[in-house]
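So the chains spell out like this:
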Amino acid sequence: MTKTYSMTALLLMLAGFLSVVGCGPKADQAAKDGQAASETEQTGEAIESARDYISVVGSSTVYPFATVVAEQFGKTSDFKTPKIESTGSGGGFKLFAAGVGVEHPDITNASRRIKKSECEMCAENGVSEVVELKIGYDGIVMANSKKAEPFKVSRKDIFLALAKEVPDPNGEDGTLVANPYTTWKEVNPELPEVKIEVLGPPPTSGTRDAFVELAMEAGAKEFAWIKALKKEDKDKFKQISHTVREDGAYVEAGENDNLIVQKLDANPDALGVFGFSFLDQNKDKVQGSFVDGVEPAFSAIADGSYPLSRPLYFYVKKAHVGTIPGMQEYLTEFTSEKAWGDEGYLTEKGLIPMPKEEREKYANVAMELIAVSCDEL
Amino acid sequence: MIKSTKKSVVGSSASSGRIKAIDIVNKGLKRRYRKEKRFRLYGMLSILASVAFLAFLLTSIVFNGYSAFLQTYIKLDVPLEAGMIDKQEPGRSDFQGIIKSAIRSYYPEVTERQDKRELYALFSSGAAFQLRDTVLSNPPEEGTTLSLWVLADDDVDMLMKGHMKRDVPEGSRRLNDKQLRWIERLEADKRVEKRFNTTFFSAGDSREPELAGIWGAVKGSIYTMLVTLALSFPIGICAAVYLEEFAPKNLATDFIEVNINNLAAVPSIVFGLLGLAVFLNFFGMPRSTPLVGGIVLMLMTLPTIIIASRAALKAVPPSIREAALGVGSSKLQVVASHVLPLALPGMLTGTIIGMAQALGETAPLLMIGMVAFIVDIPGGFTDPAAVMPVQIYLWADSPERAFVERTSAAIMVLLAFLISMNAVAVVMRKRFERRW
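Respectively, the protein sequence lines represent chains A and B.
Note that the first sequence covers residues 1 to 377 in our numbering.
Note that the second sequence covers residues 1001 to 1436 in our numbering.
Isolated chain B, as found in the complex (with noise of 0.2 Å):
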């Protein structure tokens, strides 16, 4: 660079009638020049259109799903009359008809059955649960009044968080105007608050909205992800390190390497059709379980991980082993306390896009049955279990207007658990990493 500056110097000076070479130079420096510039502002284009489409994508996602963390309750006074609750087996009293009754109790003008009907329809199917809740943790004296904030219906919560309007005629909302009226007295009496969702958290898939929640998806890719990250690391390691330290470069190797970049682009369903035919149907496993999973996830995840792995070995330099071998150490010994340290920053690299990608993935479940509506939250590796990303394909596809919000908080949870997952692995790298 300085040499051509100083050439162009001379050239200038020493201007004589033949054409040299510094002159064609500077002739097409200008182009030159124009035609870094134009390829830097795509550059720069290109990385501006990509973070476009990462913040619109984020924002609509926040904007959509932000609403799902409130959540809206109803303040209800419940009388406990004499005999309402069952003294031998408190938990199987009719806890829906006490709750009914308290609701009449407040809107005693109500005593049409079809006026009935549409009052209850205001307050979940989940403040009977509520109740029976309190009153068994909590065993109340008889005749006493007591003022409990139950979860009110999706159609209310939706109605309060603005998604439907007041003003539009009757026929066009899921309320009618005498629902309405209900509303606006509970709001007038300050009875109606909108809340933190916790059941979202702590809460199993429902069909109900308000009563649906993430934490059973977020517990089965937990399990999931245990078994692909305790099966395809040590597995996916171990592989790459033979294959690029000790096998011997023949024919099978080269067959088997190919094998793996290949595998690695194989479309993931492919691994669920295997994951049905071997581990269902042959080994008897059972279904919709996270240990199926899991196992099927750890194959597609295999090769991701060795071919990260066997580049992460390549790059360690040469005379770092040269050097453990002069002073004498066995073969086993280079690998062990001098290669693979160095190379285990990058390993977790690949092992992160590994996980990332099983953390994601639903095609090779929908085989093995994890595409399935589970209420109960998973105890362990073989109770059946959902996913995250299931979860969200399930509620989008559901026709209640109160899980649109719910999918896109769902989303953030997913990349809050994947943003998550990924931070210990960076803190993990950074741990291990080392510069020369």
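Bound-form chain A, shown alone (with noise of 0.2 Å):
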């Protein structure tokens, strides 16, 4: 009688557990429309019940930046320091597009600029002034250990070395085969007899977007066929172009780019993709490949040389500017000269300064608070 009871238990039990599991994401999404909902009528009573520090989400890229501006800012300012999370670019403009009020982040963090999609879904929810800033540039490496030569390679090296299908070599236009290459001599007779081994980020990450669209597509485009195809048949393009091969030669290493590092210390013949600030921290051990002829040195990087670099933003909502307290004086401490300057204390942490006048158009974007509009995106 009682294993009749426990099976019947058991059974009910994984209904209940797997209905729960299944409903987690929609139960969520539901109490947030309830709450974007609500929102219109509570808005003033929500920000009543105040916070009195800035909250502050986004990309992992910009954070060890704006984490060193909230610091300052903290020290130096009356106002609390305001709170970083990171949560990633895409995960940044979810919490930041959630709604007007305390419970919502008053800036988000983004490693590439926002999309249309993203902005509408801010308007949807009641953010309908939303103020870009470009904050500097971030260069993507490709570094080895220092046991080895340093490479010098150029995108299409790299495409031809890391996308999952290439061009056939022997047939004619239009023709892929999967990827044939296992050493770079194979890929360019002037690069060396090793094994293609490259240690990069996973999907998730900006880092990997970045170097998939900067490297690998602008490598892909050499081949004029490749190049006519992106206006023809743009998905096809973008499979070829961006999808890594997976056959071993390209290895997920995982977010913690300390750890690639390491990695390469103990394996001279691998090949690492990180952000620049790691190797700058760690010359001793790495060194930057030249890439397209070009070293990734900051100032190759500042005046746009180094091909492998993107730029970095953040997104303010206007509504909160006056409510939650400080707002605007963070702003000033961002774009002023002494944190994101040319010798400011940002350019210390490897974030790669913009040219003067941008830096005075974003500075007076932040004065005015000038709203970005969906359709130019």
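It is worth saying that the hints were derived from the structure and are not from the lab.
Even for Gly, the Cβ is constructed at its ideal location relative to N, Cα and C.
Careful: at least some of the hints might be erroneous.
What the hints assert, rightly or not - The list that follows gives simulated cross-link-like pairs (lysine-lysine, BS3-like), each with its CA atoms no further than 27 Å apart:
| hint | chain 1 | residue 1 | chain 2 | residue 2 |
| --- | --- | --- | --- | --- |
| 1 | B | 1100 | A | 349 |
| 2 | A | 263 | B | 1116 |
| 3 | B | 1178 | A | 146 |
| 4 | B | 1331 | A | 361 |
| 5 | B | 1249 | A | 338 |
| 6 | B | 1178 | A | 285 |
| 7 | A | 75 | B | 1430 |
| 8 | B | 1178 | A | 75 |
| 9 | A | 349 | B | 1161 |
| 10 | A | 263 | B | 1165 |
| 11 | B | 1116 | A | 356 |
| 12 | A | 285 | B | 1194 |
| 13 | A | 283 | B | 1087 |
| 14 | A | 263 | B | 1161 |
| 15 | A | 349 | B | 1087 |
| 16 | A | 349 | A | 80 |
| 17 | B | 1116 | A | 349 |
| 18 | A | 134 | A | 115 |
| 19 | A | 147 | B | 1161 |
| 20 | A | 147 | B | 1087 |
| 21 | B | 1165 | A | 285 |
| 22 | B | 1194 | A | 146 |
| 23 | A | 283 | B | 1194 |
| 24 | B | 1087 | A | 75 |
| 25 | B | 1116 | A | 338 |
| 26 | B | 1161 | A | 285 |
| 27 | A | 361 | A | 338 |
| 28 | A | 349 | B | 1075 |
| 29 | A | 349 | B | 1178 |
| 30 | B | 1116 | A | 75 |
| 31 | A | 338 | B | 1178 |
| 32 | A | 80 | B | 1087 |
| 33 | A | 230 | A | 156 |
| 34 | A | 147 | B | 1165 |
| 35 | B | 1165 | A | 146 |
| 36 | B | 1075 | A | 75 |
What the hints assert, rightly or not - Here are the in silico distance ranges between beta carbons for each label pair:
| hint | chain 1 | residue 1 | chain 2 | residue 2 | range |
| --- | --- | --- | --- | --- | --- |
| 37 | B | 1101 | A | 252 | 42 to 52 Å |
| 38 | B | 1357 | A | 224 | 56 to 66 Å |
| 39 | A | 90 | B | 1036 | 38 to 48 Å |
| 40 | B | 1054 | A | 343 | 42 to 52 Å |
If you follow the hints, you should be able to join the two separate chains into one complex; please do so.
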């Protein structure tokens, strides 16, 4: 009797548990929707139950820079130090766009520009005015151990070495084969006879997205027929240029860049992909590879001659400026010359500053709080 | 055992042609002994392996981390000239500027702009705050010279601790040859010293390794654990006592029991999602606070505590219950005065396990915003806070070399916290323990 009971119980439990798990995200969404709906009536009340510190979410790439500014701001002003969460660019926009009010973050950091869909999501939830601020550039480097010779690759080499499918080396234009290359020498006779082994971030990482776009896509465009494909069949083009091989030549080494540096130190044949600041901090262990003949140095990234660099942004909820204490002052601190200038403290942390005119432009945007329009994106 | 030896003696003396049971036993005896020996060896080997792994882990952590308990300081003479300190509001003076002029007066030969920048980089940006604290707590006379041990920059700290080599080519280290010469001069004047790193135990997080401390995270962990304990211990024990002692055995309680057992095995991130949906979005509780963190971890530890508590209740001999009932106690009296005290040590063990699990958890906290950069030290349950494992994770991910040793040091602090938490529970358990 007990046996049948417990069997039934087990089944019931399984069903119950599955339905709970299945409902999880939906319930989450429902709660959010409900909140968004009641938001309109409650906004005033919500803001009254004040939060006296700035809440920042967003990209893990911008995190090391935003935290430095936040700390400096907290120490030199009478305001509390802003709280900064590292949620990734996409996750940051999700939280940011959820609504206006103290329970939602004031600022989100991003290692890419806001997407049109994200901007529209903001507008739907009552976040009507969003101020876009570009803070500088971040370089993505390929590096190897100092025990080996520095690598000199082109973006075309990177594409050929790492793409899942490459143009058939013996066939006509338009034919693809699974990536046949096993050593760098096969890719380009000028490169050393070393097995292709690249340690890089997983697909969830913004660094990976940028690396694929800046290095592989650009490399793929060296082939005229692939370049032509971009106009004719965008999906096919993306599939060719954005798919990284999965046969072990590209090793997903996790989000922790320190770990990649350690692994490179232990394996002189491997190359690693990570942010410039990690190269800067580990100059004794690793060296940057030349890409298209340019070494990843501070000046080369700043003047744009090094090809693998991307802009970094953060986005501000205009409705919160004036409601959350210290918002305007935080923006002023971030956009001051002593922070993001050529010799500012952010450059010491590895941020590549924008040219002076661009800095002036965005400092003005921060002062005037000029909102970005979704149609521009 | 004794019987069998006797039999074997008898058996061997009466050696007849027939195959006796005892001969079969004797034949297999050697093999059985060998089997037992082998099993013991396996057992010993597995213990040895786990001890070796543990020792390796601990030594590597201690070896990497012990140097973080020391920090390099540089002695700086700060001449306070007239007008440098604001008379009305001393706290608003330009302390950064005073520190810079003090540095310049020690190195009068440095005049180039770029060189000056490289020179200032040897000193921590925290030096200005140190000076500010000194001036504010003990306002000095104008015209005096303060002799102050200020924090060195993390690069200098790494150099002094030998994590940065001096004899490698200039391009391979963060400090250039010029900066090395300046440091050598400081060393020759005996102005560089490694001291106990009090900052590490008193400060919150920082992006400058020399200013970063674990105290903010320790306090965050304390608050979070208090919430978890205050909720999960009473709820867990009440649930266990009711289910074990009072609840009727039927389909509903079976269903609950199976559910509890399964919840104990649910990946912790699921509880984070639940916390996000229910506590943050539905109840509108504040993000990134120990209050919500504690509640989410409570959900995670409850099954563990309930299961362990029920096992402890089951282990109380029925004779105790029967004796108490026999002298006329009510059901509640039996449980409250006889069963519960005897089961409490086992319940405490379950609570320790649950709390230890909760202490090391980061995944559910990610969803409710506790994986964050928080500088201010939390002062209550609704202040934003991080916890120790989160701090370790954030530091392990930081590019600065000096965070490597701090990560290991933070792990040591976490272990010390865990051990002291367990010690309290062990002492309490010993006090309640009763043998018969």
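Hint check:
With a CA separation close to 20 Å, the supplied pair residue 1100/B and residue 349/A stays within the 27 Å bound. For the hint linking residue 263/A to residue 1116/B, the alpha-carbon distance of about 36 Å lies beyond 27 Å, and the restraint is violated. At roughly 23 Å between alpha-carbon atoms, residue 1178/B and residue 146/A fall within 27 Å of each other, so this suggested pair holds. Note on residue 1331/B and residue 361/A: the hinted pairing is violated, with a Cα-Cα distance of about 78 Å set against a maximum of 27 Å.
With a C-alpha separation of about 71 Å, the suggested pairing of residue 1249/B with residue 338/A is violated against the 27 Å cut-off. A distance of roughly 21 Å separates the Cα atoms of residue 1178/B and residue 285/A; the hinted pair therefore holds under the 27 Å criterion. For a cut-off of 27 Å, the pair hint linking residue 75/A to residue 1430/B is broken: about 47 Å separates their Cα positions. Simply put, residue 1178/B and residue 75/A have alpha-carbon atoms about 31 Å apart, too far for the 27 Å limit, and the pair is violated.
Straight-line distance between C-alpha atoms of residue 349/A and residue 1161/B comes to about 22 Å, which keeps the hinted pair within the 27 Å bound. A distance of roughly 20 Å separates the Cα atoms of residue 263/A and residue 1165/B; the hinted pair therefore holds under the 27 Å criterion. Note on residue 1116/B and residue 356/A: the hinted pairing holds, with a Cα-Cα distance of about 23 Å set against a maximum of 27 Å. With a CA separation close to 26 Å, the supplied pair residue 285/A and residue 1194/B stays within the 27 Å bound.
The hinted pair formed by residue 283/A and residue 1087/B fails the criterion: a straight-line CA distance of about 46 Å is larger than 27 Å. Of the pairs offered as hints, the one joining residue 263/A and residue 1161/B holds, with about 23 Å between alpha carbons and a cut-off of 27 Å not exceeded. Proximity of residue 349/A to residue 1087/B is assessed by CA-CA distance (about 35 Å); at most 27 Å being required, the pair is judged violated. For the proposed pair residue 349/A and residue 80/A, the alpha carbon gap of about 22 Å is at most 27 Å, so the pair holds.
Between residue 1116/B and residue 349/A the alpha-carbon distance is near 18 Å, which keeps this suggested pair within the 27 Å criterion. At most 27 Å may separate the alpha-carbon atoms for a hinted pair to count; residue 134/A and residue 115/A meet this at roughly 15 Å. Restraint check: the Cα-Cα separation between residue 147/A and residue 1161/B comes to about 24 Å, which is no more than 27 Å; the hinted pair holds. The suggested pairing of residue 147/A with residue 1087/B is violated, with an alpha-carbon distance near 58 Å, which exceeds 27 Å.
Note on residue 1165/B and residue 285/A: the hinted pairing holds, with a Cα-Cα distance of about 11 Å set against a maximum of 27 Å. For the hint linking residue 1194/B to residue 146/A, the alpha-carbon distance of about 31 Å lies beyond 27 Å, and the restraint is violated. Simply put, residue 283/A and residue 1194/B have alpha-carbon atoms about 25 Å apart, close enough for the 27 Å limit, and the pair holds. Between residue 1087/B and residue 75/A the CA atoms are separated by roughly 21 Å; this keeps the pair inside 27 Å, and the hint holds.
A threshold of 27 Å between alpha carbons decides the hint, and for residue 1116/B with residue 338/A the separation of about 16 Å falls inside it, so the pair holds. Using a Cα cut-off of 27 Å, the hinted pair residue 1161/B and residue 285/A holds, with the two alpha carbons roughly 17 Å apart. Annotation: proposed proximity of residue 361/A to residue 338/A holds, straight-line Cα distance about 16 Å (limit 27 Å). Of the supplied pair hints, the one linking residue 349/A and residue 1075/B holds, its CA atoms being roughly 26 Å apart against a limit of 27 Å.
Among the hinted pairs, residue 349/A with residue 1178/B is consistent with the structure: their alpha-carbon atoms are about 21 Å apart, no more than 27 Å. Restraint check for residue 1116/B and residue 75/A: the C-alpha separation of about 24 Å stays at or below 27 Å, so the hint holds. For a cut-off of 27 Å, the pair hint linking residue 338/A to residue 1178/B stands: about 24 Å separates their Cα positions. A distance of roughly 26 Å separates the Cα atoms of residue 80/A and residue 1087/B; the hinted pair therefore holds under the 27 Å criterion.
Between residue 230/A and residue 156/A the alpha-carbon distance is near 17 Å, which keeps this suggested pair within the 27 Å criterion. In summary, the hint linking residue 147/A to residue 1165/B is supported, as the alpha carbons are separated by about 16 Å, within the 27 Å threshold. Between residue 1165/B and residue 146/A, the direct Cα distance comes to roughly 15 Å. Compliance with the 27 Å bound is thereby established for this hinted pair. About 23 Å separates the Cα atoms of residue 1075/B and residue 75/A, which keeps this hinted pair within 27 Å; it holds.
Our hint of 42 to 52 Å for residue 1101/B and residue 252/A holds, since their Cβ atoms are close to 51 Å apart. Range check, residue 1357/B to residue 224/A: Cβ separation about 59 Å, and the 56 to 66 Å hint holds. Between residue 90/A and residue 1036/B the Cβ separation comes to about 59 Å, which falls outside the hinted range of 38 to 48 Å. Range check, residue 1054/B to residue 343/A: Cβ separation about 48 Å, and the 42 to 52 Å hint holds.
Going down the numbered hints, you'll see the structure goes against 2, 4, 5, 7, 8, 13, 15, 20, 22 and 39, while the others check out.
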